[in-house]
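Just so you know, the protein sequences line up as chains U and V, in that order. Counted the way the working numbering counts, the first sequence spans residues 9 to 268. Counted the way the working numbering counts, the second sequence spans residues 374 to 630.
Hints may be right or wrong, so weigh each one.
One-sided excerpt, in silico: chain U residues whose CB lies under 8 Å from chain V [stated by the list, open to error]: (1) 25; (2) 34; (3) 35; (4) 87; (5) 89; (6) 102; (7) 123; (8) 124; (9) 127; (10) 128; (11) 130.
Quick list of in silico lysine to aspartate or glutamate cross-link-like pairs, DMTMM-like style, CA-CA up to 25 Å [claimed, not checked]: (12) V/392 with U/115; (13) V/621 with U/51; (14) V/392 with U/120; (15) U/197 with U/224.
Counterexamples of contact, computed for chain V against chain U with all Cβ distances above 10 Å [stated by the list, open to error]: (16) 378; (17) 389; (18) 422; (19) 461; (20) 465; (21) 472; (22) 547; (23) 551; (24) 614; (25) 618.
Derived from the structure by calculation, the hints contain no laboratory data. Given the structure is predicted, the values throughout are model-derived calculations rather than measurements. Backbone N, C-alpha and C define an ideal beta-carbon position, used for all residues, glycine too.
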Amino acid sequence: MSEPELRVRLEEVSLSYRLAKQRIPSLKEYAIHWMRGALSYEELWALREVSLTIRQGERVGIVGRNGAGKSTLLKVISRVLKPSRGKAETCGRLAPILELGTGFDFELTGLENIYLNALLLGRTRREIDERIEGIVEFSGLGDFIRTPIRNYSSGMQARLGFSVATAWTPDILILDEVLAVGDSAFIAKCHRRLREFHAAGTTVLMVSHVVKAIEDNCDRCIWLDAGRLRADGPTREVLDRYAHAGTEPAQRPAGQLHLG
Amino acid sequence: MELFQYRDLVGALVARDLKVRYRRSAIGFVWTMLQPLLMMLVLRTVFSTLFQAKSAEVPQNYAIFVLAGILFWNFFSQSIVASMNSLRGNALLLQKLPVPKAVFPLSTVLSGLVNLVFALLPLFGLLIVTHHPLHLSLLFLPVAIFIAALFTLGAGLLLSPLAVFFSDVVELIGVLLTLLFYLTPVIYPKDIVPENLRWIVRFNPIRSILEVFRDPIYQGEIPPLSHLTVSIVIALLALAVGSWVFHKSSDRIPFYI
Numbered sequence: 009m010s011e012p013e014l015r016v017r018l019e020e021v022s023l024s025y026r027l028a029k030q031r032i033p034s035l036k037e038y039a040i041h042w043m044r045g046a047l048s049y050e051e052l053w054a055l056r057e058v059s060l061t062i063r064q065g066e067r068v069g070i071v072g073r074n075g076a077g078k079s080t081l082l083k084v085i086s087r088v089l090k091p092s093r094g095k096a097e098t099c100g101r102l103a104p105i106l107e108l109g110t111g112f113d114f115e116l117t118g119l120e121n122i123y124l125n126a127l128l129l130g131r132t133r134r135e136i137d138e139r140i141e142g143i144v145e146f147s148g149l150g151d152f153i154r155t156p157i158r159n160y161s162s163g164m165q166a167r168l169g170f171s172v173a174t175a176w177t178p179d180i181l182i183l184d185e186v187l188a189v190g191d192s193a194f195i196a197k198c199h200r201r202l203r204e205f206h207a208a209g210t211t212v213l214m215v216s217h218v219v220k221a222i223e224d225n226c227d228r229c230i231w232l233d234a235g236r237l238r239a240d241g242p243t244r245e246v247l248d249r250y251a252h253a254g255t256e257p258a259q260r261p262a263g264q265l266h267l268g
Numbered sequence: 374m375e376l377f378q379y380r381d382l383v384g385a386l387v388a389r390d391l392k393v394r395y396r397r398s399a400i401g402f403v404w405t406m407l408q409p410l411l412m413m414l415v416l417r418t419v420f421s422t423l424f425q426a427k428s429a430e431v432p433q434n435y436a437i438f439v440l441a442g443i444l445f446w447n448f449f450s451q452s453i454v455a456s457m458n459s460l461r462g463n464a465l466l467l468q469k470l471p472v473p474k475a476v477f478p479l480s481t482v483l484s485g486l487v488n489l490v491f492a493l494l495p496l497f498g499l500l501i502v503t504h505h506p507l508h509l510s511l512l513f514l515p516v517a518i519f520i521a522a523l524f525t526l527g528a529g530l531l532l533s534p535l536a537v538f539f540s541d542v543v544e545l546i547g548v549l550l551t552l553l554f555y556l557t558p559v560i561y562p563k564d565i566v567p568e569n570l571r572w573i574v575r576f577n578p579i580r581s582i583l584e585v586f587r588d589p590i591y592q593g594e595i596p597p598l599s600h601l602t603v604s605i606v607i608a609l610l611a612l613a614v615g616s617w618v619f620h621k622s623s624d625r626i627p628f629y630i
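All chains, please: the whole structure from these sequences, using the hints.
Below, the structure is given as structure tokens:
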């Protein structure tokens with residue numbers, strides 16, 4: 009049997025937030041700084057020379073402290089951020105859930121937001137029409153679906169967001185701390201959907217601070233420390249090392265800012 | 374092209390824009406048509422009474438001349454400002470989803486286009502009321518509007534990333550637009566410009582786009598081919614430069630927001 013298809017390949021990926029952190033907010037200030045020759049930048053590396061490949065069907069958990077670069081890594085893989093150095097390649101249809109309900113319009117109804125959200129994910133109106141009933145049903149929002157979502161609780165919004173984002177079986181599913189939402193019945197439903205995706209060959213990448221979520225859902229685990237890949241291997245092994253590293257000093261150069 | 378895949382999103386963004394404009398306020402729709410008319414009345418009064426312009430210098434049927442100019446200018450300037458705000462306004466989204474960023478300026482220009490079409494209705498009303506001859510050249514208007522839209526989209530693509538990088542660009546462009554408004558013969562005929570300043574009018578690219586739009590309405594003639602060619606070249610050039618700058622800076626946009 010041939011190797012499963014390649015989904016993600018990162019080659020020596022580094023990403024610096026220098027631009028964002030050293031931002032000069034106005035053209036006026038930029039001009040003043042430029043005239044003084046004071047346009048210096050501090051480079052803040054959120055990712056440092058990260059190389060990895062992820063194949064079809066793998067379920068990869070990402071652990072690390074706050075500011076280790078986990079979310080940044082997911083953003084690079086989701087094609088939201090472009091690496092400052094190195095090469096990032098992602099193949100296949102993405103379902104990036106970096107935050108549930110991104111792009112919701114609070115004045116629109118749940119139903120209208122399903123359309124808006126799915127369109128933002130790159131679906132066409134016709135594709136959404138075909139799935140709309142399933143999405144509404146999965147969300148379990150019942151009649152609330154016809155009211156503006158400003159009346160929703162945060163749990164209800166999260167349910168709607170998850171229902172839209174996972175309505176189509178993606179090649180790569182990316183989850184950033186989003187499985188801890190909704191009531192326990194809904195969480196169980198989400199996990200069932202994850203298993204269905206896995207059976208269908210979807211690659212899953214998830215960041216979670218809940219070790220159990222990674223234990224239950226991932227076969228492989230990546231440990232990021234200060235932007236570097238510290239470990240990459242079977243979930244059990246990496247999690248053990250990560251748990252024992254609590255007492256070790258962090259491998260973080262002085263002056264490094266914590267980035268989320 | 375990636376944008377094509379997101380065509381329905383563009384449509385939805387345009388629809389939402391228009392809904393906000395027309396549904397939320399009862400007079401929103403009326404206002405789109407009324408505002409240029411009122412502006413025209415003000416300008417006509419100013420020109421004919423305050424400045425006491427010599428009758429030879431005031432164009433025949435100034436109301437139509439100036440209304441057509443204002444419609445074009447409103448479309449151009451409002452679309453540019455709206456596309457600059459559109460990227461900033463969707464900041465959070467651009468950090469979370471891999472949406473092609475050009476959908477935002479594109480959809481604002483398209484909704485500006487819809488507004489322009491609505492605002493043409495009172496202009497046609499005025500043409501009839503004032504017994505202005507209705508020439509066949511009016512049929513050329515869709516082509517003229519298309520050229521204006523390409524030009525405006527180019528300017529919007531050029532300026533919207535700048536507005537992300539520097540927060541004061543929107544204000545700066547606001548001032549520049551006011552200056553441009555007076556440097557372009559929108560409300561005055563270009564013939565009244567003194568000889569030694571004519572070059573400003575001559576080399577103003579916006580003047581060229583404006584005339585292609587206004588001539589069919591006001592003069593009742595399709596602009597000569599040479600003139601038309603120049604305006605098409607200007608519009609395509611603006612679009613090319615705008616797209617290039619947008620493409621070049623688009624990877625950096627999420628870092629600045």
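Evaluated hints:
1. 25: Holds. Min distance 7 Å.
2. 34: holds, 4 Å
3. 35: OK, holds: residue 35 of chain U within 8 Å of chain V, min 4 Å.
4. 87: Hint holds; residue 87 of chain U Cβ to chain V Cβ min 4 Å, cut 8 Å.
5. 89: Holds: closest Cβ of chain V sits about 6 Å from residue 89 of chain U, inside 8 Å.
6. 102: Status holds, d = 7 Å.
7. 123: Since chain V brings a Cβ to about 7 Å from residue 123 of chain U, closer than 8 Å, the hint holds.
8. 124: holds, 6 Å
9. 127: holds, 4 Å
10. 128: Nearest chain V Cβ about 6 Å off; hint holds.
11. 130: holds, 6 Å
12. V/392 with U/115: Given that 25 Å is the threshold and the Cα spacing comes to 11 Å, the pair holds.
13. V/621 with U/51: holds, 21 Å
14. V/392 with U/120: holds, 13 Å
15. U/197 with U/224: Given pair residue 197 of chain U, residue 224 of chain U holds - Cα atoms ~15 Å apart, limit 25 Å.
16. 378: violated, 6 Å
17. 389: Given that some Cβ of chain U is not farther than 10 Å from that of residue 389 of chain V, nearest at about 7 Å, it is violated.
18. 422: holds, 40 Å
19. 461: Holds, because the least Cβ-Cβ distance between residue 461 of chain V and chain U comes to about 12 Å, which exceeds 10 Å.
20. 465: Its Cβ does come within 10 Å of chain U, the nearest being 7 Å, so this is violated.
21. 472: violated, 6 Å
22. 547: Consistent with the label, residue 547 of chain V stays out of reach of chain U, its closest Cβ about 13 Å off (over 10 Å).
23. 551: holds, 17 Å
24. 614: The assertion about residue 614 of chain V holds, with a minimum of 19 Å to chain U.
25. 618: holds, 16 Å
When each numbered hint is compared with the structure, violations occur for hints 16, 17, 20, 21.
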